[in-house]
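First to last, the sequence lines map onto chains R and W.
According to my numbering, the residues represented by the first sequence are 32 to 664, in order.
According to my numbering, the residues represented by the second sequence are 1061 to 1483, in order.
Just so you know, these hints were derived from the structure itself, not from any lab.
We put the CB at the ideal spot given by N, CA and C, even for glycine.
Possibly wrong hints are sitting among the right ones.
To be verified - Listed below are the simulated SDA-like cross-link pairs for lysine to any residue, each with C-alpha atoms no more than 25 Å apart in a straight line: (1) W:K1323 - R:G632; (2) W:K1398 - R:G512; (3) R:K430 - R:V463; (4) W:K1323 - R:Q623; (5) R:K430 - R:R369; (6) W:K1323 - R:V463; (7) R:K311 - R:A34; (8) R:K157 - W:A1354; (9) W:K1215 - R:V463; (10) W:K1215 - R:T135; (11) R:K157 - W:P1312; (12) W:K1323 - W:P1312; (13) W:K1398 - R:A466; (14) R:K157 - W:V1361; (15) R:K157 - W:A1443; (16) R:K311 - R:G512; (17) W:K1398 - R:R547; (18) R:K157 - W:A1449; (19) W:K1398 - R:G186.
Claimed, not checked - Listed below are several chain W residues computed to face chain R (Cβ distance under 7 Å; list not exhaustive): (20) L1138; (21) A1364; (22) L1366.
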Amino acid sequence: MSAYRLLCRFRLVLAISSALVLGLLAWNLVQSRSYDPLEATRLEQMQLRLAANPKDDALRDQLRTLDRQVRECYLHHRRVALQGLALLAVLASLLALVHAAAETLRPRSYSAEPDATEILAQTRAKAAQGAYVLATALGGILVVLATLGRNDPLGSYVREGRKPHATEAPGQASGSAPPAPPVAQGPLPPADPLALGKPPLAGSLPATPPTTRLEPEAPAGAGTQRPSSPAVRPAPSKSALPDLEPCLPAGLEADWPRFRGPAGNGVAAARPPLPGKGLKVLWKVAVPLPGWNSPIVVKGSVLLAMADSTRREVAAFDARTGELLWRTPIPYQGPVPRVSQDTGYAPSTMASDGERAYAIFPDGLLVGLDLGGGVLWTRSFGPFENPYGHASSLLCHGKNVIVQLDQGSDPEEKKSRLVALDGATGRTVWQVDRAVAASWATPLLLRAGTRELLVTMAPPLVCAYDPDTGKEVWRVEGLGGEPAPCPAFDEHRVYAGNLGSYLFAINPSGEGDITRTGVLWDTSDYLPDIVSPLAFRESVYLLGPDGTLACLRAKDGSLVWEHRIGLTKASPTAVGDAIWLVTDAGRLVVLQPGDAYRELGAMELGEVVRASPAFVGDRVYVRGQDHLFCLGP
Amino acid sequence: MKRTSLALTGLLAPLLAMGQEQKRQPPPDFTSGYQLPSPTTPVPKEALFAWFDVGVLLLALVLAAYIVLSRRSRAWLLVLTAFSAAYFGFYRLGCVCSVGSVQNVVLAFAEPSYRLSLSVAAFFLLPQLFALFYGRVFCSGVCPLGAIQELVLVKPLRIPDWIAGPLGLVPFLYLGLAVLYASSGAGFVVCRYDPFIALYRLGSSPLMAWLTGMFLAASLFIGRPYCRFLCPYGALLRMASWLASKPARIAPAACISCHLCAKECPYGAILPPSAEGDRAPLHQLRRTLARRLAVAVPLVVCLAVLGWFAGPAMARVHPKVTLARELALSLDRPEAPKTLAVEAHRRLGRSDEEAFREAAAIQRSVRFGGAALGAWAGVVVAAYTVSLALRRRRREYVAEPGTCFACARCFASCPVLPNGDRS
């Protein structure tokens, strides 16, 4: 049998198979309609009956059973549809390829055709007319556009120099303005037919970029976003910028008792040697269970929380030798929470006040342990309405442990809260309900002048509280996206922001709504999605999801330099006079802060690293995917 | 054949329906680690991968030129086509592609602070360099957009030349529009409305899903509809191919004018040899030419003027102009609900006057751009009509280098052997 015939038969088989699959899909579609839980009339009738007789338990059980059946059927049909479509796509692709191959082998008969040049002149004349028709159509389109341009609401402001009214305050913008007098006007103008619909995608371009120093081969694919100037506001009417200081836990200044160090801002007082200048792996131990939380180091022990879908534990290792000191299981008490792979089952970093250690897990279980591993108390705050799983880390203030429990998608539902618990007993000291949506950021503690502030991030607010009472001190509105980075601060400013929103530089000396008076500058470029910013030596370092490390001037947010360092989830830390960070690939890099990207040293750990390292004394503790490393001289 | 076509057509309907249905729901929370592909812009690649792509592009161009000009094998060209669809399309998600690179190049000229990466410049230049020598070998089996159209063409329906010819001018107009919007900072319209992006990225907005479905459906019966009637990069390749020194030749030896190649070509790219009776009297041709040249000047001027007046409306697609219009609307109609962009603008305390000034500057620049676009459209139409009036002498069937996609279909149908014999 010739190859052509074979291909023809194969093509026929594929066509029949595709038709069969198509038929089955159609049948499945018809079947699924009757099981659509939104349209099942039986279900609706039972719901109505139950509403009329709420105490009818038998009816309630019947309804639950039917509801479950309907849902299972619906999901089954949906699964079948998706699998069928995938199979159909494969068959269709094969069919197209086989058909193309068959066409190349199709035998062609030789036969002379009469020359077609007699009609060539007519064709050319018609083609020319067609071209003029096209030109006329284009002219018509331009006339329509020109007409549309005349009725432009922008026209009077642009052509005639008409001044806009005074801009309204944010409170009025949110709908709390007094009712406007009734105005007899027609319907609003129709949606602009020329608008490209959605807000600009990442492929659209701001119009006025500053001069930036880019690396020669910064791969800017079609549609890559370009930087725009940060919006610098006029100096606020209040007094000069305050002096900010960290709130260091007493007796733990040299330890690493929480995420990003004792101050929570990623600045360490440690002095390890640089890679290539004495830094080496002192010990490396296997971590029994996975977890993306960062290690904490307190009183000579390195503490980790770890969990998978069946087990979870808290473990302590000797900081000097790496010896496992204790492992305390924390059994699941209810259903295992649904988390994303990036979050894992133990994303939140522990915290310690020097006497006790605290850990929280995505199901909302918060556990207090003594430093010997004994469980002192537990509190359960879950389950959470959180798409990726709860990941905010803990912090201690005095003898209290503070936990940010933000969840939900609608801030108005007020499902979120900020809670302070007594470390010894786990009892609630204070609690604040917050009108914010889900967040994965960890609060920041700092001192501004004489008052202490607890700065939190959750859309739509960057909000500061009194850590002793939970009373709100100030707020900045305008935060969006899905905050996972933590706020940071330097000597005078607080920095808070995340991808899909802005990075705000805030003067924290105000009170109330300081959106218009307290924000010194903001930028929407180089924003991080997970990595917390580092404010150090008059610069702010941001690490974006594409692995670009950007250095901005703290004064006005303008770009100093940017460099593609590689995908990174761990937050950078200022250690002494250098900046340390670890990429996802396990490359430990040390940079010199300044007006250009300069590496002082690098070291390969040979393992995926997503947790931020801890720095104590002359040692660095890095948690990899499978091991805990201790680096030192 | 018809049954096959009908069956294939029917396959698209549930795909589109399911695509619509899926897009009504928000993306689910995947616990299996599945990453939902971005329907908009893929994550920028490391520099090394960008250069690897350039290497693959160069290799594919060399192979395409070799297969078309030396091996003259449609089968091997199909293999290369499938590879290009798989690599540049599904694996690299259609970005960076040469079709969109035009805009990057334009922006690099228009905006001094924008630096064009060398890999993107390579994607822009390499196909054109090959076109200057060998014709549209890039279109033959390398471009992912052309590849998918080539693979799904099952029953080509021949579009009359007098329709296909004028429609073939649209890519030039689209090129002008893309240049205008890229240079003014309004956006990359070619990328935003890539008709096959929903297929290559396995997900998109409903509008783009429908666009992909429509183009795929059209590609079943119309040869390469996007390439012939829309592709702006194809307009550049067409012009470069006119200068090709070694384009594809249909008959390997002397043509016997059997017309089989012209019957086989689904793109109408093969021109017959000119015969004695073909030519109209010289004075008639001169009159036609003079008439068309006389129409050319007022056509260009008229379209340029219309383009000038259409500038403000064309500028509305720019995000800053959109914001300024919404601000103006909110000032004129305070009781109307405000858009999110206006609310954000107000909350951040930004100046309305500055927004209006920026919008005015953009409108002014787009006016000039609109006038240039109108003039360009006039030049294109005029040049086309004038070219129709010119006489060309051809001794054999030739593939017009500008419109020939070097698909190698005509090679198989040509009965002439390399030694001059007939098969």
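Against the structure, the hints:
1. Distance hint between K1323 (chain W) and G632 (chain R) is unfulfilled; the C-alpha atoms sit about 68 Å from each other, more than 25 Å.
2. A threshold of 25 Å between alpha carbons decides the hint, and for K1398 (chain W) with G512 (chain R) the separation of about 20 Å falls inside it, so the pair holds.
3. A C-alpha spacing of about 18 Å is found between K430 (chain R) and V463 (chain R), which places the hinted pair at or below 25 Å, so the restraint holds.
4. The straight-line distance between the Cα atoms of K1323 (chain W) and Q623 (chain R) is roughly 69 Å, outside the 25 Å bound, and the hint therefore fails.
5. As the CA atoms of K430 (chain R) and R369 (chain R) are separated by approximately 32 Å, the hinted pair breaks the 25 Å bound.
6. Pair hint K1323 (chain W) plus V463 (chain R) does not hold up; C-alpha atoms about 79 Å apart against a cutoff of 25 Å.
7. With a C-alpha separation of about 65 Å, the suggested pair K311 (chain R) and A34 (chain R) falls outside the 25 Å cut-off, and the hint is violated.
8. With a C-alpha separation of about 19 Å, the suggested pair K157 (chain R) and A1354 (chain W) falls inside the 25 Å cut-off, and the hint holds.
9. Proposed proximity of K1215 (chain W) and V463 (chain R) is contradicted: the alpha carbons are some 68 Å apart, above 25 Å.
10. With a CA separation close to 13 Å, the supplied pair K1215 (chain W) and T135 (chain R) stays within the 25 Å bound.
11. Only pairs whose Cα atoms come within 25 Å are accepted, and K157 (chain R) paired with P1312 (chain W) is rejected, the gap being roughly 33 Å.
12. Using a Cα cut-off of 25 Å, the hinted pair K1323 (chain W) and P1312 (chain W) holds, with the two alpha carbons roughly 18 Å apart.
13. Proximity of K1398 (chain W) to A466 (chain R) is assessed by CA-CA distance (about 22 Å); at most 25 Å being required, the pair is judged to hold.
14. At roughly 24 Å between alpha-carbon atoms, K157 (chain R) and V1361 (chain W) fall within 25 Å of each other, so this suggested pair holds.
15. Between K157 (chain R) and A1443 (chain W) the alpha-carbon distance is near 16 Å, which keeps this suggested pair within the 25 Å criterion.
16. Only pairs whose Cα atoms come within 25 Å are accepted, and K311 (chain R) paired with G512 (chain R) is rejected, the gap being roughly 40 Å.
17. About 19 Å separates the Cα atoms of K1398 (chain W) and R547 (chain R), which keeps this hinted pair within 25 Å; it holds.
18. A threshold of 25 Å between alpha carbons decides the hint, and for K157 (chain R) with A1449 (chain W) the separation of about 12 Å falls inside it, so the pair holds.
19. Pair hint K1398 (chain W) plus G186 (chain R) holds up; C-alpha atoms about 19 Å apart against a cutoff of 25 Å.
20. The closest approach between the C-beta of L1138 (chain W) and any C-beta of chain R is roughly 5 Å, which is under the 7 Å cut-off, so the hint is satisfied.
21. The interface hint given for A1364 (chain W) is violated, since its Cβ lies 10 Å from the closest Cβ of chain R, which is over the 7 Å cut-off.
22. Interface restraint check for L1366 (chain W): the shortest CB-CB distance to chain R comes to about 4 Å, inside 7 Å, so the restraint holds.
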